[in-house]
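Put chain F on the given structure of chain X with help from the hints.
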Amino acid sequence: MNSGIVIRAEGLGKRFLIGTRDERRTVASRLRRALTGGTSQRELWALRGLDLQVRRGDIFGIIGPNGAGKSTLLLLLARILAPSSGHLRVKGKTDPFFQLAAGLRPNLSVLDNLSLCAALLGIPRREFQRRLPRILDFSGLHDYLYARYGELSSGLAARLPFAVALHADLDIILIDEMLAVGDRAFQAQSIESFKALASRGKTLVLVSHSLEMVRSLCSRALYLRQGEAVFCGDAATAVKRFIADVDGAEAPPRS
Amino acid sequence: MRQDSSARTTFPYGDLLWEMTRGEILMRDQGTVLGFLWTLLHPILMFVVLYGLFSKWIGKFVDQYVAYLLIGLVLWNFFQKATVYALGSLRRARGTILNYRFPREIVVFSSLGAVSWSSLLEICVLMGALIFLGQTPRWTWLLLPGLLALELLLAASVGLFLAVWGAEYQDLERIWDVLTSALFYLTPVFYPLDILSPDKRALLRLNPLTQIIQAFRDCAISGRLPDPTAILILFLGGLILAAAGLFLLRRREFEITDKLLV
Numbered sequence: 279m280n281s282g283i284v285i286r287a288e289g290l291g292k293r294f295l296i297g298t299r300d301e302r303r304t305v306a307s308r309l310r311r312a313l314t315g316g317t318s319q320r321e322l323w324a325l326r327g328l329d330l331q332v333r334r335g336d337i338f339g340i341i342g343p344n345g346a347g348k349s350t351l352l353l354l355l356a357r358i359l360a361p362s363s364g365h366l367r368v369k370g371k372t373d374p375f376f377q378l379a380a381g382l383r384p385n386l387s388v389l390d391n392l393s394l395c396a397a398l399l400g401i402p403r404r405e406f407q408r409r410l411p412r413i414l415d416f417s418g419l420h421d422y423l424y425a426r427y428g429e430l431s432s433g434l435a436a437r438l439p440f441a442v443a444l445h446a447d448l449d450i451i452l453i454d455e456m457l458a459v460g461d462r463a464f465q466a467q468s469i470e471s472f473k474a475l476a477s478r479g480k481t482l483v484l485v486s487h488s489l490e491m492v493r494s495l496c497s498r499a500l501y502l503r504q505g506e507a508v509f510c511g512d513a514a515t516a517v518k519r520f521i522a523d524v525d526g527a528e529a530p531p532r533s
Numbered sequence: 007m008r009q010d011s012s013a014r015t016t017f018p019y020g021d022l023l024w025e026m027t028r029g030e031i032l033m034r035d036q037g038t039v040l041g042f043l044w045t046l047l048h049p050i051l052m053f054v055v056l057y058g059l060f061s062k063w064i065g066k067f068v069d070q071y072v073a074y075l076l077i078g079l080v081l082w083n084f085f086q087k088a089t090v091y092a093l094g095s096l097r098r099a100r101g102t103i104l105n106y107r108f109p110r111e112i113v114v115f116s117s118l119g120a121v122s123w124s125s126l127l128e129i130c131v132l133m134g135a136l137i138f139l140g141q142t143p144r145w146t147w148l149l150l151p152g153l154l155a156l157e158l159l160l161a162a163s164v165g166l167f168l169a170v171w172g173a174e175y176q177d178l179e180r181i182w183d184v185l186t187s188a189l190f191y192l193t194p195v196f197y198p199l200d201i202l203s204p205d206k207r208a209l210l211r212l213n214p215l216t217q218i219i220q221a222f223r224d225c226a227i228s229g230r231l232p233d234p235t236a237i238l239i240l241f242l243g244g245l246i247l248a249a250a251g252l253f254l255l256r257r258r259e260f261e262i263t264d265k266l267l268v
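Quick mapping for you: the protein sequence lines, in order, are chains X and F. Here the first sequence stands for residues 279 to 533, numbered as in the numbering used here. Here the second sequence stands for residues 7 to 268, numbered as in the numbering used here.
Honestly, I wouldn't trust all of these hints.
To be verified - A few chain X residues facing chain F, derived, Cβ under 7 Å: (1) Ile296; (2) Arg303; (3) Thr304; (4) Ala356.
Unchecked claim - Partial list, derived from the structure: chain X residues whose beta carbon lies under 7 Å from chain F: (5) Glu288; (6) Gly291; (7) Phe294; (8) Arg357; (9) Pro361.
The set of hints was computed from the structure by calculation and includes no laboratory data. Remember, predicted model here, so these are calculated numbers, not experimental data. Note that CB positions come from ideal geometry on N, CA and C, so glycine has one too.
Looking at chain X on its own, in the form it has when it is part of the complex (with noise of 0.2 Å):
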């Protein structure tokens, strides 16, 4: 049984120091504040006192408003952040699907793009080559290899790194309402792709605002406000706690 489980966190936490307003981060404001003693930064509990448990081939959704701390959750998973408290584990190769098109060049082509996403996600050359067919059949991208990526609509610039990160043989793969993008035939098909890598012992973690899409598709779904865990078990209780909440406007949004 616990060898089923992939995700394990323990109490945790996520902290960051914000500085403040009328202060930049500057050696000469690091140097008064030596002087001085006094601290310019106050502290921000993006995420508190979480306890998660995620089983292999779980489609896992997480919800809440705004400022819940869902996307810092994600970035924890993906070993991008590292937890402030408590204990982390996360078994298996894993990268956000977040705004992955973020990191590449907009310059450049679409295939040196494809090999540089496939690179950072660190899959090997020869690989990349022997599965860039399937990854242009998924992206429909065919017709765009030498095209400018930055000259790509949103929609097909999108598909890039996801077409990628699909073929990556990722064991935990983590979503950041990455559906918003994408016509109504890419949405499908990638739902798809998601229920058939869940059926081959893959662990999708579904960050989403779509609450029907995280009843139909996720089994379990944690319902996070204000940094804390507020419900996690069954996908429907969860979603009917929120809608709950939203309706009684007892969860106002933090910035």
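Just chain F now, kept in the frame of chain X:
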């Protein structure tokens, strides 16, 4: 657990370094001839100004002043551009760092690689100019790539520290700008060491760039061999400093990400 360890050990480090370096080069427009000519313009302009001003005066002390000055400028430019570019590298790669999990030093190394590429082209032009000026290739020219590699090691070791601190402090770019301006005059780029008093000369010899530029001139112009102990000390020092820089970057990796995020 098995997958965890295999994912770590088989990361295609070389592939990513190559992809990112190639991207940097293409982004800086050095994939094109015109882009490269633009980067040549800066050293050429510097050369024209400095040569015009000082050839009569300093030319009296230095044999082959044109070659002397050209070598000084190209090698200085390499160090200056490499460190400045490394300094801003993590900040520029914010989008990549926040969205992908990969060894962060690749960002710094790929910036250094892009600068090395353009400097290598400059050096090819320089060697052509030396032959044009009547220098005959000597066997000591075989040592020149080693000296360039040594300069790259030095730039990398400084660059790693600058990259870490540059991600943290927004004004470091300006501070480094001022410091390198001072360092330019503290390095015998356009003047010979001989015109200085002995104690100042000794002081400037502590500057690693002095050693490298002088060694390059010795090998390229006069066919003299550089002092092996000085080179060995520079090499070991550079290696230790680079290892320390790498250690710092890896230890501060998550703090850097936090600071890039908020």
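Going through the hints against the structure:
1. With its C-beta approaching chain F no nearer than about 6 Å, X/Ile296 sits inside the 7 Å limit, and its interface hint holds.
2. The beta carbon of X/Arg303 comes within 6 Å of a beta carbon in chain F, closer than 7 Å, and the hint placing it at the interface holds.
3. For X/Thr304, the shortest C-beta to C-beta distance to chain F is roughly 4 Å, which falls under 7 Å, so the interface hint holds.
4. With its C-beta approaching chain F no nearer than about 6 Å, X/Ala356 sits inside the 7 Å limit, and its interface hint holds.
5. Violation of the interface hint for X/Glu288 is found here, the shortest Cβ-Cβ separation to chain F being roughly 18 Å, above the 7 Å cut-off.
6. Proximity of X/Gly291 to chain F is violated relative to the hint, the smallest CB-CB distance being about 13 Å (cut-off 7 Å).
7. With a cut of 7 Å, the hint placing X/Phe294 at the interface with chain F holds, because the nearest CB-to-CB distance is about 5 Å.
8. For X/Arg357, the interface hint holds, since its Cβ comes within 7 Å of a Cβ in chain F; the closest pair sits about 6 Å apart.
9. Taken as an interface hint, X/Pro361 does not check out: its beta carbon lies about 9 Å from the nearest beta carbon of chain F, beyond 7 Å.
Hint violations for this structure: numbers 5, 6, 9, all remaining hints satisfied.
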